[in-house]
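Top to bottom, those sequences are chains A and B. Terminal number for the first sequence in full-length UniProt numbering: 375, no gaps in between. Terminal number for the second sequence in full-length UniProt numbering: 356, no gaps in between.
Heads up, some of the hints might be wrong.
Label pairs and their computed distance ranges (CB to CB) [claimed, not checked]:
#1 R4/B - T323/A: 57 to 63 Å
#2 S14/B - G214/A: 33 to 39 Å
#3 N67/A - S41/B: 54 to 60 Å
#4 T310/A - L276/B: 56 to 62 Å
#5 N113/B - G116/A: 57 to 63 Å
#6 N141/B - G142/A: 54 to 60 Å
#7 S41/B - N321/A: 17 to 23 Å
#8 P63/A - A138/B: 27 to 33 Å
Quick partial rundown of chain A residues pointing at chain B, CB under 7 Å, derived from the structure [said to hold, decoys possible]:
#9 G161
#10 P247
#11 N293
#12 A296
#13 S300
#14 F301
#15 L311
#16 V328
Quick caveat, the hints were computed from the structure, so don't treat them as lab data. For each residue, glycine too, the CB sits at the ideal point set by N, CA and C.
Chain by chain, the residues run as shown.
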Amino acid sequence: MTPDGRALAVAAVAALLFTGLGAGALLLTADRAPPEPYEPTATVPAGVDYVGTVNLTAYRSDPAVANGSRASLGFQSRVEFYAGPPYLRSLALSPPPNASLDPTNASRVTYFGRSGSRYGARLVVANWTGEAAAEALESRRGIGFTPETRRGYTVRRSEAGAAVAVLDNGAEGGPVPRAGPRLLTIGNASAVEDAVDVAADRAATDAEPATLDGDLRREYRETSDGYVRFAYRFRPSTVPDYPFVGPAVRTIQYVGSSYTLDRAGTNAAATPAVRVRIHITSEGAGSADDVRNILAAGQSFYLLQSSNDTLKTELRRARFNVTGRTVVTEYESSPAGLRVLVRGLFRNQPEPESLDPPASAEPSSSGRPPARGPA
Amino acid sequence: MSLRTILRKELLWSRHRALALLFVLVLLPAAFAGASVFFQSTLPKDAPVAVVVEDDAVSGAEYDVVAASFRLFSRPVRYDSEARALRDLERETVYAVVSVPPDLGDPAVDRVNMTVTIDGDMTPYREPSGALVSVVSATMNRQLDTRVVVDREVRGEERKLASYLLPSFLQILVFTFAFAYLPYNLASEEAVLDRLRVETSLDAVVAGKLLFFTGLLAVPLLVFHGLGLGLGYGVNLLAPGAILAYGLTFLACGAIATAVTFASGFGTTGRLLNVLVLFAFLGFSGLVYPAGFFSPLRRGVVRLMPTHYAMVVVRGTTLRDLPPAEFGTWLGGVALFALAALVPLKLAMIAYERGT
C-alpha cells in the first residue's frame, strides 16, 4: 500500500470510529421512552378471592363520595356472609399523628385477599417510602420491622405477621406519573411476598407474572368507573337455602360492585349509588328460572310492604335476568338501601350488624383490631 | 344349517335392509331419547293461570305480589275480566282463575280472602292445584303482614279420573287407527290399488278409503259411549262437536299417514316412520295433562299442535256440554290442518304414480 493509501485507510477508520462513537453517545444521551402506566391490579397475585379499589383523591375532596365510600366499604366487608375483605383504619386516611407520611400523597388503595384467611394486603399508590410506612405502623401498633431482601426488593417484616414493601419506585413506570416511590404493598407477609414476586416477574423480561386472571379479573374490569370498585367470588359452601330450589343452587357470586356519584344537575343534588352485580348459578336453566321467579317474588313483596319510597324506587330498578343456568341480578341503590336489597336477595342471611366484623373473629392481615374507616 | 351359517344369513339380510335398521336402531332411539328433554318436572309448574283484578281498588303492587307468588309454580297471565278468564278456563287456555283482592297491602286490614277457581272437569290439575294453593298461601302469609286466606273453588262437579280419560283414550285410538291400522291396510292392498287404478283414479281410491275409515270410527265411538253410559261416567261422546273433532283429527292424521305410506313405496320404513309420527302426536297433543305440566318447552310445542285443540274441543263438548259454536275457531283450525295434510298426500301420490 502506498503512503497515500495508508493515510486514506487510517482516515476512513478514524471516520468510522468517530461516527460509531457519536451514534453511541447520542443513544446514551437520548431521552428514554416514558414508562407505561399500569393499573395496581397488575401487581395483584393470582389465586385471590377478592380485589377492590378505593379512589382516595375523590374520597378526600368530596364529602358525598366519602360517605358513600364508607357505606360501600362497610357493605363489602360483610358481603361474604359476612367475612369479607378487611375493613380497617388506613394509613392513607388516618396516619398516626407523629408519622412522616403525607396522606394527601396517597391517591388510590387496591386491596386483595382470600376469603376466610389472613392472606390479604393493600397496594397503596402514594409518594411514600417503605421506611416511612413501616415507621407509621410501628408507631401505631408498637411492632418492629426488620428489612429483608427478596428478589431485589426490600421487604420489611414484623414478627406479628405484617410486612411492607415498595414494589415500584417510579424508575420503571407505575400508576402515578411522577418521580418517587409509587406503589407500596402493606399487609400479611405472604400476600406481600406474592405481590413482590409478581412485581419482580413484571420487571423481568423473561418471566410471566402470575397475576389476577380469569373470571375475577373480568368481573373487576366490568366494575369500570366507580370510586369504590370491588369484585369477589363466593365460596359455594355459603349458598343460602332458597325455598323450593335450595339444592339446585350451586354458587352465588357477588361478582362486582362500584360506587359512583350521579353528577347530573347541580353538585348539591348529586345522588350516590352503588351498582351491584350478583351471579347465581344453578344446576340447570329450569332451576335458574325458578331462582329468578323467587327473587322477583321477593322484590314484589318488598315493593308492597315497604314504606320507604326511596327503597321502592331503587327496587323497581332491580333486574333479574337468566343467561343459561345463571341468574344475573343487577341493581343500583343508595348505600343505605343496599343492605336491605342484599338481605332480600340472599335470603335467610343474618343482619350484618348482628355479626362481628370478620377481623375480630380472627386477626387481620396486619394483626390490628378492626375499626371503622376505608382501606 | 350351522349357527355360523344362520348368523351369516342374518348379516346379509341386514345389509339389504340397512335403511329400515338405521331407522329402528338409530333414528327411533334418538327420537325417544331426544323427547326426554320435553319432560322436566312432574308438577304443572308452567301451566297458565289467569290473574284477575277484582276491582279498581287493587294496586299494581298488589297484583304483582299475587302474580309473583303464583309464578313460582305457574305462568300467570293478566286478565281484566273475570268472565273472560272463566271462559278461557273452560277452553283450557288457563287452568285456574285467581282473583286479586284489594287491601292486600293495607296494614290496617287484618285479613284478606283470595279465591282460586279451577275447573272440576280438569281432573289431572285438581290435586296439583291444591298443592299450588297451599304453597302460595304459605308464601304470602310468611311475607305479608296481612293474613291472606286463599280459598280454592272448584267449578262444576269434581270429575273422576276414569271418566275424564274416556275421551282421551278415544283420541288415542283415533291416532292409532290413522297411523298404524290405515298404513297396514294400505300396504296389504298395494297390489289391489294398481288394479283399481285401471278403473278409476288413485285420488278417488284414497279418498274413498279415508272416508270409509272415518266412518268406521263410528263403531269405537259407539262402543266407548256405550261403556261410558254403562259405567255411569256422564260423558257424552256423541256430542256433535266431539264427533266433528274426532273426524277431522282422523282425516288429518290419516292423510299424513297415507302420504308417508305412498312416499315410502308401501315399505317398512314408511310404517316405522308412521309409528314415530304416532308417538309424536300422542306425546305432544296434550291428551291428558294440562299444557305446561311437564315443561315450558313442551307447553310451547303442545300449543302449536292442532290436535291439542281438537282434544280440548272434545273435552269441552263431552265433559262440559259446551256447544260446538264455542269452539268454532278451533274446529276451523283443525279443518284447515286436515286440508293442509292433503297437500303432502297429493304430492306423495303423484310421486308414486310416476314411479310406477
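Cross-check of the supplied hints:
1. R4/B - T323/A: 57 to 63 Å: 58 Å Cβ-Cβ, so the 57 to 63 Å window holds.
2. S14/B - G214/A: 33 to 39 Å: violated, 52 Å
3. N67/A - S41/B: 54 to 60 Å: At roughly 48 Å between Cβ atoms, S41/B and N67/A fall outside 54 to 60 Å, so the hint is violated.
4. T310/A - L276/B: 56 to 62 Å: holds, 60 Å
5. N113/B - G116/A: 57 to 63 Å: violated, 49 Å
6. N141/B - G142/A: 54 to 60 Å: holds, 57 Å
7. S41/B - N321/A: 17 to 23 Å: Hint holds: Cβ distance 22 Å, inside 17 to 23 Å.
8. P63/A - A138/B: 27 to 33 Å: At roughly 47 Å between Cβ atoms, A138/B and P63/A fall outside 27 to 33 Å, so the hint is violated.
9. G161: violated, 46 Å
10. P247: At 15 Å from the nearest chain B Cβ, P247/A fails the 7 Å test, so the hint is violated.
11. N293: Hint on N293/A: holds, closest Cβ of chain B at ~5 Å, below 7 Å.
12. A296: Cβ of A296/A sits 5 Å from chain B, so the hint holds.
13. S300: holds, 4 Å
14. F301: holds, 4 Å
15. L311: At 13 Å from the nearest chain B Cβ, L311/A fails the 7 Å test, so the hint is violated.
16. V328: violated, 18 Å
Violated hints, listed in ascending order, are 2, 3, 5, 8, 9, 10, 15 and 16; each of the other numbered hints is respected by the structure.
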